[in-house]
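Novice: Residues per chain, in single letters:
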Amino acid sequence: MDIKVLGPGCAKCKKTEKLVQEVIKEIGVDATVEKVSDMMQIASYGVFGTPSVIVDGKVKCTGKVPKKDDIKNWLLNK
Amino acid sequence: MESKTTQPIQGEGKTNKMIALNLLMATIGVYLWWTVYQVLPNLSKWLTYNLLQIQKGSHLGSSVEFFFYDTPKVMMLLFLVVFGVGIIRSFFTPEKTRAFLSGKSEFVGNIFAALLGIITPFCSCSAVPLFIGFVTAGVPLGVTFSFLIAAPMVNEIALGLLYGLLGWKVAAIYMGTGLFIAISAGWVIGRLKLENHIEDWVTQSNAANLTMEEEKLTWNDRIIYGWDAVKEIIGRVWIYVILGIAVGAGIHGFVPEGVMASIMGKGSWWSVPLSVVIGIPMYSNAAGVIPVVEALLGKGAALGSVLAFMMSVIALSLPEMVILRKVLKPRLIGVFVGVVASGILFVGYLFNIIL
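Sequences listed follow chains A and B, in order.
Using my numbering, the letters of the first sequence map in sequence onto residues 1 to 78.
Using my numbering, the letters of the second sequence map in sequence onto residues 1 to 355.
Just chain A, with the same shape it has in the complex:
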C-alpha cells in the first residue's frame, strides 16, 4: 500500500504523519508512507487544504488531522 501525507510541514501535517505511522504499526499492514512537502507537488494532487492523506492514489481527507479510526478504515477496507 502506498500512502502519501501532503503538507508543507506545519504542526498539523506532522501530527497526521505520526498518526498514520502509528496506525500502520498497530494493525500491521504493509505500507510505505511518503511525506510530500513540496508545494508544486502538493498542488498537482489538486487538494485544497493540508494536511491531506492519499492512499493508493485516492484522496482520503483534506484540510484536517484525521481521526485514528478513520485512518484504520482507510487502510483496512481500501
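FYI, nobody ran anything at the bench for these hints, they're computed from the structure.
Note that the Cβ used here is the ideal one computed from N, Cα and C, for glycine as well.
One or more of the hints may lead you astray.
What the hints assert, rightly or not - When the alpha-carbon atoms are kept at most 30 Å apart in a straight line, the in silico BS3-like pairs for lysine-lysine are as follows: (1) K35/A with K14/A; (2) K96/B with K35/A; (3) K73/B with K299/B; (4) K68/A with K216/B; (5) K231/B with K25/A; (6) K326/B with K15/A; (7) K326/B with K35/A; (8) K35/A with K12/A; (9) K299/B with K45/B; (10) K4/A with K326/B; (11) K58/A with K25/A; (12) K326/B with K18/A; (13) K25/A with K12/A; (14) K60/A with K25/A; (15) K35/A with K68/A; (16) K216/B with K67/A.
Stated by the list, open to error - DEER-style ranges, computed between Cβ atoms: (17) D30/A with G138/B: 38 to 46 Å; (18) S58/B with E26/A: 53 to 61 Å; (19) M75/B with E22/A: 27 to 35 Å; (20) K67/A with E199/B: 33 to 41 Å; (21) I19/B with E22/A: 30 to 38 Å; (22) K329/B with E26/A: 45 to 53 Å.
What the hints assert, rightly or not - Some chain A residues judged to face chain B by a derived CB distance under 7 Å, without partners named: (23) M39; (24) M40; (25) I42; (26) A43; (27) V47; (28) F48; (29) G49; (30) T50.
Since chain A is already given, all that's left is putting chain B on it; use the hints.
Specialist: Here is chain B on its own, set in the frame of chain A:
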C-alpha cells in the same frame, strides 16, 4: 436486506439520545460558565488585594488586577467563541466555497468571497493550495484575493472577543471595515489585470479536476468538530493570549492616562501609519492582540489608530508573505501589501475623523 432497513432507525434513536444528552450538558455548561463569569471582577480583586496583599491603587495593583481579571475572562470567551465558530464552520468547506464562487460575476463575487472568507475553515499553510485550487478552477484573481484577504482580516474569533470585551459597536465596526477592505482590495486587484504575475507553474498545474465525495455530518459530528476546534485552537493560542494580556496589564497599570492619547490619539496625523508599520512585523494572532487593544483604548488611544494596528498585526504578517511568495511574483505581492495597507490606513483615518 432486513438489517439494512432496521439499522438506520436504531442508529437514529441513538443519535437522538445523544443530541438530548448533549443539549442537557450544554445547558448546564452555559449556566456554570455564566456564574463563573459573573464572579470574575470580585475574584480578581480578592486575589490581588487580599491574597497577594498588593496595595490598592498602586501601579502594580492595577496591573495585577487586570491580569487576573482578563486571563480567565478571555479564556472563557475564547472557549465559547471557538466552540460556536467550530460548529458553524462544519457547514462550510473550501470545496463548497470554490464551487459556489466559480460561477459568480466579478463584483458580486468579491462580496461573496469576502463573506465566505470569514467562515470557511482553512489554516494559513493551506493558503497556497487553496489559491491554486481557486485560480485553476476559474475563480477570478480579484475574487480569490477578496477571499484570501477577508480570511485573516476579519477573524471570527477576534470578532467574538471584541464583542465580549468592548461591546457590539466595536465588533460591528471591525467586521464592516474588514469586509470593505477585502471587497474593495480584491476588486482593485481584479481591475489591475495582474494574472500574468502569478508564478507560471501555478497556471500550468492541472489541479482543478479533483472531485471528492462529500462527507455527511450529523449534529453529533458537528459538536465533536466544535470540541476539536476548541482543543486545537486554544492549545495553539493560549501562550499568545497570556503574553497579550501581560502586555495589556503593563499598559493598564503603568502607562499614564494621557500618553497614549498623544501617541495614538486623533490629533496626530502620523499615528495611523505608525500603527500599521509597528503592526506588520509583530506576529501574533487575533486572540493575543485584543487584550492589548483593550488596554490601549482604555488609555485614551483613538479607535481608528488601534483598529489600524490590530488589522496590520493580523492581516499583514511577514510569514504569510513568505508563504504567498511561492505562488505570486514579487510585484503581485507588492500590490497585495500596498492595497491592503491603503485600506487599513483609510479605515484608521476614517474612524479617527468620525468618532
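Novice: Any of the earlier hints contradicted here, and which numbers?
Specialist: none
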